[in-house]
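Using the sequences plus the hints, can you model the full thing?
Residue numbers (numbering that gives the first Met the number 0), protein chains in the order written: chain A, 0 to 243; chain B, 0 to 243.
Any given hint might turn out to be false.
[As the list claims (entries may be wrong)] To give an idea of the interface, some chain B residues facing chain A are shown, with a C-beta separation under 8 Å as derived from the structure:
id : residue
1  : K77
2  : E95
3  : V96
4  : T107
5  : E118
Simulated from the structure, these hints should not be mistaken for lab results. A virtual CB, placed ideally from N, CA and C, is assigned to each residue, including glycine.
There are 2 protein chains.
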Amino acid sequence: MNNTKHFRKGDEQPTFPDDGNYRLYSMRFCPFAARTHLVLDAKNIPYHTVNIDLKDKPEWFFTANPLGKVPALQLMDKPNSPFIYESLLISEYLDEVHPQNKLYPSDTLAKIQEKIWIERFSSIATKFHQMFTDGNSQWNEIQNGLDAFEGELNRRGTTYFGGEKPNILDYSIWPWFPRTEALDVIFGDGCTFSDARFPKLKKWYKSLLENDAAVKKFAYPKEAYVKYYKSRLAGNPDFDVLVQ
Amino acid sequence: MNNTKHFRKGDEQPTFPDDGNYRLYSMRFCPFAARTHLVLDAKNIPYHTVNIDLKDKPEWFFTANPLGKVPALQLMDKPNSPFIYESLLISEYLDEVHPQNKLYPSDTLAKIQEKIWIERFSSIATKFHQMFTDGNSQWNEIQNGLDAFEGELNRRGTTYFGGEKPNILDYSIWPWFPRTEALDVIFGDGCTFSDARFPKLKKWYKSLLENDAAVKKFAYPKEAYVKYYKSRLAGNPDFDVLVQ
Numbered sequence: 000m001n002n003t004k005h006f007r008k009g010d011e012q013p014t015f016p017d018d019g020n021y022r023l024y025s026m027r028f029c030p031f032a033a034r035t036h037l038v039l040d041a042k043n044i045p046y047h048t049v050n051i052d053l054k055d056k057p058e059w060f061f062t063a064n065p066l067g068k069v070p071a072l073q074l075m076d077k078p079n080s081p082f083i084y085e086s087l088l089i090s091e092y093l094d095e096v097h098p099q100n101k102l103y104p105s106d107t108l109a110k111i112q113e114k115i116w117i118e119r120f121s122s123i124a125t126k127f128h129q130m131f132t133d134g135n136s137q138w139n140e141i142q143n144g145l146d147a148f149e150g151e152l153n154r155r156g157t158t159y160f161g162g163e164k165p166n167i168l169d170y171s172i173w174p175w176f177p178r179t180e181a182l183d184v185i186f187g188d189g190c191t192f193s194d195a196r197f198p199k200l201k202k203w204y205k206s207l208l209e210n211d212a213a214v215k216k217f218a219y220p221k222e223a224y225v226k227y228y229k230s231r232l233a234g235n236p237d238f239d240v241l242v243q
Numbered sequence: 000m001n002n003t004k005h006f007r008k009g010d011e012q013p014t015f016p017d018d019g020n021y022r023l024y025s026m027r028f029c030p031f032a033a034r035t036h037l038v039l040d041a042k043n044i045p046y047h048t049v050n051i052d053l054k055d056k057p058e059w060f061f062t063a064n065p066l067g068k069v070p071a072l073q074l075m076d077k078p079n080s081p082f083i084y085e086s087l088l089i090s091e092y093l094d095e096v097h098p099q100n101k102l103y104p105s106d107t108l109a110k111i112q113e114k115i116w117i118e119r120f121s122s123i124a125t126k127f128h129q130m131f132t133d134g135n136s137q138w139n140e141i142q143n144g145l146d147a148f149e150g151e152l153n154r155r156g157t158t159y160f161g162g163e164k165p166n167i168l169d170y171s172i173w174p175w176f177p178r179t180e181a182l183d184v185i186f187g188d189g190c191t192f193s194d195a196r197f198p199k200l201k202k203w204y205k206s207l208l209e210n211d212a213a214v215k216k217f218a219y220p221k222e223a224y225v226k227y228y229k230s231r232l233a234g235n236p237d238f239d240v241l242v243q
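Structure (C-alpha cells):
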C-alpha cells in the first residue's frame, strides 16, 4: 500500500511515468477510497496513488476534478484522461473493463440484489462517519443495522458474501470494519464488535484480514487508526499517520 | 397513469390477475418512484401499480418488503416473486432485462459517465426535498447546482441529454422539474425557473412534457402539484389529490 504523504495546497503536483496506468486520487483513511484500492488490487491492476489532504486540497486537484472528491480515478488510457468518481461507479467500471476475477455476479437479478445489499450498508456508513466526526457513539444503531448482514451471511452459509472468495459486496463493506477495532479505545468499554452478537461477521472480517491479498495490502495497524481518529475528533485530522 | 388511492394501514391488499406482470409499489408524487414509471412506460412494459400512503403504510407492505420503501418492484416472473428497490437499481435491472429502447449507453465509460451525472443530481434532489418539507427555499442553491446541467446540455448540443431521444439521464432527473412550476406559488415571486438562466433546460423540460409518451403519461397538472405540496407543508400530505 502506498503510504506517501497527502498533498495539500501549495504542493507541486506529482509526476508519474507515462505508462498509461490509472491514477487514483485517494485519502489513506477514507473507506470509500478503500473500496477502489481493494477492487484494483483484487484484480492486480497497476495504478499510481495520489493521496489528497481533504482539509486543504491542492489547487491542481480541483483543476483536474471540479468536484474535488476522493476516490477519483483518472483513466490515462482514454482520450483526454477523464476522471470518474463515486466509489461504486468506479467499481462497476473496473469490473466491466477488467474481467479478470469478476466481482459482480453475471446474472442481472443477482447483480442487482448484491447492489441492493451494498446500498443497505450506506446508512451504516453514514452513522460511522457521524460518530467518528462528532464523537457521539451510534454503535447501538450501527449494530441494529449490522444484524441484517449477520443474518444474510448466516443464510448464505459461506465464508464470504461472495461464497468461497470475496465479491463486490465483501469489498464494498469491509472498509468500515477496521473501525470496530478502535471502538472501545475511543468510545469506551461498552462499544465492542462482539463474537456473541456477530459470530459470522467477525469470522468474515478476520478471514479477509488474514487471507485476502487485496485486504492484506490495504490494512493498517489498529494504532494508526486510533491515532488518526483521535486527531480527527480533536478537529485536526492527521492524514499522514502512516507516512514513514 | 394509475391514479388509484394510496393504500394505508388497515386496507386490504389489492389483488391482480395472475399475469406475471410486475407490481410497482409507488407514491404518486414521489420523484424516485416516477423514475420507475418512466422507465417502464418508455419500454412499454406492462405493470400493476400499488400506491402506498407513506405516512401510514399498510402492514402487508412491510411483510412483503421489510424496508417499506417506494419505489419497489416485485418481479412476479421470478421464483418467490422477489422485490427490488432503489430507483436507479430498478432502472438498471429493467434496462438489462428488457433491451427494447435501451436507455443506458452500451459503452462502459459512457454508461458510467451518465451515471455520474445522475449521482450529481442527487444533492439537488435532496435540496428540493428539504425545501418542500420545511418550507425554506433552497432555490438559489438548487439553481447553482442546475447550472452544471444547463452547461452540459448546451455542450451536447442536443434536445435531450440522450441526443434526439431521451436516455436514462433524462428520465432520472426529469421528475424533479415539475416542482419548478409551483415554485412561485409556494415560495413567492423570486423563485422562478427562468428562461434567462436556463434556456436549454427549460426547452428540454417542455419538450419532454409535450413530446415524450412516457412523460406525458406520468405528468399531472400544476394545480395538483401545488395542492399536494401545500398539504404536505401543512403537515398532512394528501396523497390522493389526483384520485377521481
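Status of each hint after checking the structure:
1. K77: OK, holds: K77 (chain B) within 8 Å of chain A, min 7 Å.
2. E95: Given a least distance of 5 Å, the restraint on E95 (chain B) holds.
3. V96: At 6 Å from the nearest chain A Cβ, V96 (chain B) passes the 8 Å test, so the hint holds.
4. T107: This interface hint holds because 5 Å falls under the 8 Å limit.
5. E118: holds (5 Å)
Comparing the model with each numbered hint stated earlier shows that all of them hold.
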